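Based on the sequences and whatever the hints tell you, model everything.
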Amino acid sequence: MIEREFVKQKKKEYQIEEFVGANLSNVGHSQTKMQRTPLGEKIIVSASRPGLVVGREGQNIKKLTSALKKKFKLENPQIEINEVDNINLDAQIVAEKIASSLERFGITKFKGVGHKVMQEVMGAGARGIEIIISGKVPSSRAKSWRFYQGYLKKCGDIAIEGVRKAYKIAQLKSGIVGIQVRIMPPETKLPDEIKLIKEEEKKESEEKKEEVKEEEVKEKTEKEEKKEEEKPAEKNEKESEEKEEIKEKKEKEKTTEDKEESKEEK
Numbered sequence: 011m012i013e014r015e016f017v018k019q020k021k022k023e024y025q026i027e028e029f030v031g032a033n034l035s036n037v038g039h040s041q042t043k044m045q046r047t048p049l050g051e052k053i054i055v056s057a058s059r060p061g062l063v064v065g066r067e068g069q070n071i072k073k074l075t076s077a078l079k080k081k082f083k084l085e086n087p088q089i090e091i092n093e094v095d096n097i098n099l100d101a102q103i104v105a106e107k108i109a110s111s112l113e114r115f116g117i118t119k120f121k122g123v124g125h126k127v128m129q130e131v132m133g134a135g136a137r138g139i140e141i142i143i144s145g146k147v148p149s150s151r152a153k154s155w156r157f158y159q160g161y162l163k164k165c166g167d168i169a170i171e172g173v174r175k176a177y178k179i180a181q182l183k184s185g186i187v188g189i190q191v192r193i194m195p196p197e198t199k200l201p202d203e204i205k206l207i208k209e210e211e212k213k214e215s216e217e218k219k220e221e222v223k224e225e226e227v228k229e230k231t232e233k234e235e236k237k238e239e240e241k242p243a244e245k246n247e248k249e250s251e252e253k254e255e256i257k258e259k260k261e262k263e264k265t266t267e268d269k270e271e272s273k274e275e276k
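Residue numbering for the sequence shown follows the working numbering, starting at 11 and increasing by one per position.
It should be emphasised that the hints constitute simulated quantities derived from the structure, not laboratory data. Please read all numbers here as calculations on a predicted model, not as lab measurements. We treat Cβ as the ideally placed atom computed from N, Cα and C, and that holds for glycine. Watch out, some of these pointers could steer you wrong.
Claimed, not checked - Ranges between beta-carbon positions, derived for each pair: (1) Lys-20 <-> Pro-60: 26 to 32 Å; (2) Glu-229 <-> Asp-202: 31 to 37 Å; (3) Ser-154 <-> Asn-36: 34 to 40 Å; (4) Tyr-177 <-> Lys-126: 31 to 37 Å; (5) Gln-88 <-> Lys-228: 36 to 42 Å; (6) Glu-214 <-> Glu-90: 49 to 55 Å; (7) Leu-49 <-> Ile-204: 44 to 50 Å; (8) Lys-22 <-> Lys-218: 52 to 58 Å; (9) Gln-88 <-> Asp-202: 40 to 46 Å; (10) Glu-254 <-> Lys-233: 27 to 33 Å; (11) Phe-115 <-> Ile-204: 42 to 48 Å.
Said to hold, decoys possible - List time: in silico BS3-like cross-link candidates among lysine-lysine, alpha-carbon distance up to 30 Å: (12) Lys-126 <-> Lys-183; (13) Lys-20 <-> Lys-178; (14) Lys-121 <-> Lys-153; (15) Lys-126 <-> Lys-22; (16) Lys-153 <-> Lys-126; (17) Lys-219 <-> Lys-205; (18) Lys-146 <-> Lys-119; (19) Lys-178 <-> Lys-219; (20) Lys-178 <-> Lys-146; (21) Lys-163 <-> Lys-205; (22) Lys-83 <-> Lys-72; (23) Lys-178 <-> Lys-79; (24) Lys-236 <-> Lys-223; (25) Lys-126 <-> Lys-146; (26) Lys-146 <-> Lys-205; (27) Lys-21 <-> Lys-119; (28) Lys-233 <-> Lys-164; (29) Lys-236 <-> Lys-205; (30) Lys-43 <-> Lys-83; (31) Lys-175 <-> Lys-121; (32) Lys-79 <-> Lys-18; (33) Lys-119 <-> Lys-164; (34) Lys-175 <-> Lys-205; (35) Lys-18 <-> Lys-73; (36) Lys-21 <-> Lys-146; (37) Lys-199 <-> Lys-183; (38) Lys-218 <-> Lys-164; (39) Lys-83 <-> Lys-18.
Put into structure tokens, the structure is as follows:
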């Protein structure tokens with residue numbers, strides 16, 4: 011069945027993406043996408059530190075390509091690395107940052123880490139952020155702590171497509187701690203958002219319209235002047251043609267008269 015083949019391909023792509031993400035830890039890994047090309051499989055890796063992904067003389071990429079060939083039986087996997095433009099607006103990188111800081115400094119400073127990351131994300135221009143840290147934090151009983159700031163959609167189409175989500179696990183001595191991050195980037199357009207045109211923008215639009223009108227008037231006047239200049243030239247040409255015709259008629263009359271006089275003399 012064709013449907014089963016499609017499902018197998020999607021499962022394989024998901025497994026490859028998860029495998030690449032697991033091997034690229036502590037390098038600011040954002041996401042992995044797989045594309046099929048005539049030359050082979052193309053794997054696009056987005057990371058905040060592409061130098062660490064490549065490694066010295068491309069050793070990390072060589073190891074990753076050989077592992078992909080052996081495990082997933084890929085003939086010619088090509089790995090392409092892209093750098094993330096804004097780190098603080100990428101949910102996956104932010105979640106990885108929180109997990110690494112908790113593993114490094116311990117669970118006692120989780121509030122400071124959460125507030126610091128939240129301020130950095132909002133300072134980067136995000137509309138809103140939500141961080142949920144779940145686990146044995148800080149006591150022996152499991153608990154969830156929520157850090158939020160700004161405006162964040164929780165339902166509707168914008169919550170699915172407009173909000174960036176990520177999940178990361180931090181392995182601590184007390185146990186596993188889950189980190190959920192949701193970020194609404196500044197470019198998301200809300201359906202209930204109305205932008206009012208400012209007076210300055212109105213003035214600029216009116217000035218532009220006036221300039222366009224002035225240019226049109228100038229073009230019309232120039233065309234009329236050209237036509238007026240062309241008219242006397244045409245008149246002169248017509249007058250000269252008429253004069254030439256009159257001269258030709260007079261010459262013809264003279265020739266006819268001369269012929270008649272010569273006939274009479276004979």
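Evaluation of the provided hints:
1. Lys-20 <-> Pro-60: 26 to 32 Å: Since the Cβ atoms of Lys-20 and Pro-60 sit about 27 Å apart, the hinted range of 26 to 32 Å holds.
2. Glu-229 <-> Asp-202: 31 to 37 Å: violated (45 Å)
3. Ser-154 <-> Asn-36: 34 to 40 Å: violated (25 Å)
4. Tyr-177 <-> Lys-126: 31 to 37 Å: 20 Å Cβ-Cβ, so the 31 to 37 Å window is violated.
5. Gln-88 <-> Lys-228: 36 to 42 Å: At 58 Å between Cβs, range violated.
6. Glu-214 <-> Glu-90: 49 to 55 Å: violated (43 Å)
7. Leu-49 <-> Ile-204: 44 to 50 Å: At 49 Å between Cβs, range holds.
8. Lys-22 <-> Lys-218: 52 to 58 Å: holds (55 Å)
9. Gln-88 <-> Asp-202: 40 to 46 Å: holds (44 Å)
10. Glu-254 <-> Lys-233: 27 to 33 Å: holds (32 Å)
11. Phe-115 <-> Ile-204: 42 to 48 Å: At 44 Å between Cβs, range holds.
12. Lys-126 <-> Lys-183: Given that 30 Å is the threshold and the Cα spacing comes to 23 Å, the pair holds.
13. Lys-20 <-> Lys-178: holds (22 Å)
14. Lys-121 <-> Lys-153: holds (13 Å)
15. Lys-126 <-> Lys-22: violated (38 Å)
16. Lys-153 <-> Lys-126: Within the cut-off at roughly 21 Å; holds.
17. Lys-219 <-> Lys-205: holds (22 Å)
18. Lys-146 <-> Lys-119: holds (13 Å)
19. Lys-178 <-> Lys-219: violated (54 Å)
20. Lys-178 <-> Lys-146: It holds: about 15 Å lies between the C-alpha atoms, which stays within 30 Å.
21. Lys-163 <-> Lys-205: Cα-Cα ~19 Å, so holds.
22. Lys-83 <-> Lys-72: Between Lys-83 and Lys-72 the Cα gap is close to 15 Å, so the pair holds against 30 Å.
23. Lys-178 <-> Lys-79: OK: Lys-178 and Lys-79 at ~27 Å, within 30 Å.
24. Lys-236 <-> Lys-223: Holds: Lys-236 and Lys-223 sit about 20 Å apart, inside 30 Å.
25. Lys-126 <-> Lys-146: Given pair Lys-126, Lys-146 holds - Cα atoms ~21 Å apart, limit 30 Å.
26. Lys-146 <-> Lys-205: Status violated; Cα separation ~45 Å.
27. Lys-21 <-> Lys-119: violated (39 Å)
28. Lys-233 <-> Lys-164: Cα-Cα ~62 Å, so violated.
29. Lys-236 <-> Lys-205: The hint is violated at about 47 Å.
30. Lys-43 <-> Lys-83: Judged against 30 Å, a Cα distance of about 18 Å means the pair holds.
31. Lys-175 <-> Lys-121: Within the cut-off at roughly 20 Å; holds.
32. Lys-79 <-> Lys-18: holds (17 Å)
33. Lys-119 <-> Lys-164: holds (28 Å)
34. Lys-175 <-> Lys-205: Holds, at roughly 27 Å.
35. Lys-18 <-> Lys-73: holds (25 Å)
36. Lys-21 <-> Lys-146: violated (33 Å)
37. Lys-199 <-> Lys-183: Measuring from Cα to Cα gives roughly 43 Å; hence the hint is violated.
38. Lys-218 <-> Lys-164: violated (42 Å)
39. Lys-83 <-> Lys-18: holds (14 Å)
Going down the numbered hints, you'll see the structure goes against 2, 3, 4, 5, 6, 15, 19, 26, 27, 28, 29, 36, 37 and 38, while the others check out.
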